[in-house]
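According to UniProt numbering, the sequence shown is numbered sequentially starting from 1.
By construction, these hints were calculated from the structure, which means they are not laboratory data.
Mixed in with the good hints there might be a few duds.
The following label-pair restraints were derived from C-beta to C-beta distances [stated by the list, open to error]:
| id | residue 1 | residue 2 | range |
| --- | --- | --- | --- |
| 1 | V217 | L259 | 48 to 56 Å |
| 2 | F404 | L259 | 31 to 39 Å |
| 3 | Q266 | V337 | 50 to 58 Å |
| 4 | A305 | L258 | 50 to 58 Å |
| 5 | E454 | K310 | 26 to 34 Å |
| 6 | E256 | V217 | 46 to 54 Å |
| 7 | A455 | H312 | 33 to 41 Å |
Small disclaimer: the values here were computed from a predicted structure and weren't measured.
Virtual Cβ for every residue (Gly too), placed ideally from N, Cα, C.
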Amino acid sequence: MSYSFTSEPAQALDTQSSLSQDAQPHLQGQRHDRVQLQESELAANMSTSPHLDITTSQRMVSATWGSVLTSLLVTPLDVVRVRLQAQHAPTPVNLSRFAAYSTNFKQLPPDLGINSCCREVFWVGNNGQFCLAGNAPTHIADAAGPECAVEETQRKTFNSTLDGLKKIARNEGYTTLWRGLSPTLMMAIPGNVIYFTGYDWLRYSHASPLKKLASDVYVPLVAGSIARIAAAVAVSPIEMFRTRMQATTGTSVFKETLLGMHRMTQTQGYTSLWRGLTLTMWRDVPFSGIYWWGYEAVRNRLTDAREAAKGHDLSPARSLTGGRESQANESHMTTFVDSFLAGSVSGAVAAFVTTPFDVGKTRQQVYHHAGDDAPSVVAAKQLAKQGKLIPEELSMPRFLYHIFHEEGMAGLFKGWAARCMKVAPACAIMISSYEVGKKWARRVNEKRELGKAEA
Numbered sequence: 001m002s003y004s005f006t007s008e009p010a011q012a013l014d015t016q017s018s019l020s021q022d023a024q025p026h027l028q029g030q031r032h033d034r035v036q037l038q039e040s041e042l043a044a045n046m047s048t049s050p051h052l053d054i055t056t057s058q059r060m061v062s063a064t065w066g067s068v069l070t071s072l073l074v075t076p077l078d079v080v081r082v083r084l085q086a087q088h089a090p091t092p093v094n095l096s097r098f099a100a101y102s103t104n105f106k107q108l109p110p111d112l113g114i115n116s117c118c119r120e121v122f123w124v125g126n127n128g129q130f131c132l133a134g135n136a137p138t139h140i141a142d143a144a145g146p147e148c149a150v151e152e153t154q155r156k157t158f159n160s161t162l163d164g165l166k167k168i169a170r171n172e173g174y175t176t177l178w179r180g181l182s183p184t185l186m187m188a189i190p191g192n193v194i195y196f197t198g199y200d201w202l203r204y205s206h207a208s209p210l211k212k213l214a215s216d217v218y219v220p221l222v223a224g225s226i227a228r229i230a231a232a233v234a235v236s237p238i239e240m241f242r243t244r245m246q247a248t249t250g251t252s253v254f255k256e257t258l259l260g261m262h263r264m265t266q267t268q269g270y271t272s273l274w275r276g277l278t279l280t281m282w283r284d285v286p287f288s289g290i291y292w293w294g295y296e297a298v299r300n301r302l303t304d305a306r307e308a309a310k311g312h313d314l315s316p317a318r319s320l321t322g323g324r325e326s327q328a329n330e331s332h333m334t335t336f337v338d339s340f341l342a343g344s345v346s347g348a349v350a351a352f353v354t355t356p357f358d359v360g361k362t363r364q365q366v367y368h369h370a371g372d373d374a375p376s377v378v379a380a381k382q383l384a385k386q387g388k389l390i391p392e393e394l395s396m397p398r399f400l401y402h403i404f405h406e407e408g409m410a411g412l413f414k415g416w417a418a419r420c421m422k423v424a425p426a427c428a429i430m431i432s433s434y435e436v437g438k439k440w441a442r443r444v445n446e447k448r449e450l451g452k453a454e455a
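Kindly generate the complete structure, drawing on both the sequences and the hints.
Structure below.
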């Protein structure tokens, strides 16, 4: 039997070596543990700047698919809004007044207030369009026309958003509710790309001048306003085309709208394509400021409530950076729900506040009978020489005052329900699609960086 003796220091060294070898797997971890550690470290590093790790092209893609989805869902509400705002209050008609009139069309009064009829139609050449139905009646009172005409007027008069949706679908077809979808997409995609990417850069980029000029509390308001100005200037001609197309009834709408805008540019120049831009600014700039300010406030409140439920620190010193890190690490569903709720609430409030400017803008752009045709332009110039102006050609404050004077507050807020019903879901769908798209892009970037780290 042989014995092997080692000194105590040697035994200690062997013991340490054995322990270090046994502990090494636990200290270093298995390969999948190292991958999880790298993922968490990478996510933590990227969450410190959750908006700067996304490329501009990825933001553009997120804004594009959000624009397409939003346009498909809310265009019918926009069509009804335009019709409601362009619709003039009907003139009360006393049919007994017309019993003494013969069928001499030129003697009919101009304030009849009837648009069209549903059977044999004879159009009256005056300011109103009156129809006579029947077998050559000797007097209007003997004809079946009054009842038919009143029914037709009611058919084309919208009393509410839901009433407008039903009447347009029943009388003009369901596809009419998506009239103007093509120019809407042509306007929404570049407009939202400029708007959202511009806002993100102004809001989060270290190169943004707003970092030095404004406090972080007011940066959303200022950044949203500036981004909206840039987007409005870029898409104003397309928006005019879309608004006119939606307000037009009948057949060959696209062709007639295009010809009308061509005549307008021939008589008034290409700068007329930006007619209503001032009103658009008055509507969209405060809307964007209110919207982004409210959106970030509501979403931060939702994030704080969730963090408080988890027992996390909500001190003011940590609220800004901690809130951003928490939002960057949210699940896709949490991001969607929070951004959807915040977008709908802030969008509805901003839409209601700015409805008077939307009414003025819509009426100015729809106004083309006296504004686009050459004879009407000449007549408008003659009125200007006499010190008179067509209401739609007044400055924005005077035009809105004219609407208030003639129709009261109801005129200024005409179509507010349709506008809020359209804007609230539109803002909710657009911002939630955009935020989820950015989160998807961030996850793609994280996996790409992880692949580089493993290599």
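Comparing the hints with the structure gives:
1. V217 x L259: 48 to 56 Å: holds (50 Å)
2. F404 x L259: 31 to 39 Å: holds (34 Å)
3. Q266 x V337: 50 to 58 Å: holds (51 Å)
4. A305 x L258: 50 to 58 Å: For A305 and L258 the Cβ distance comes to about 51 Å; the hint holds.
5. E454 x K310: 26 to 34 Å: holds (32 Å)
6. E256 x V217: 46 to 54 Å: Since the Cβ atoms of E256 and V217 sit about 49 Å apart, the hinted range of 46 to 54 Å holds.
7. A455 x H312: 33 to 41 Å: Between A455 and H312, where Cβ atoms are some 36 Å apart, the hint holds.
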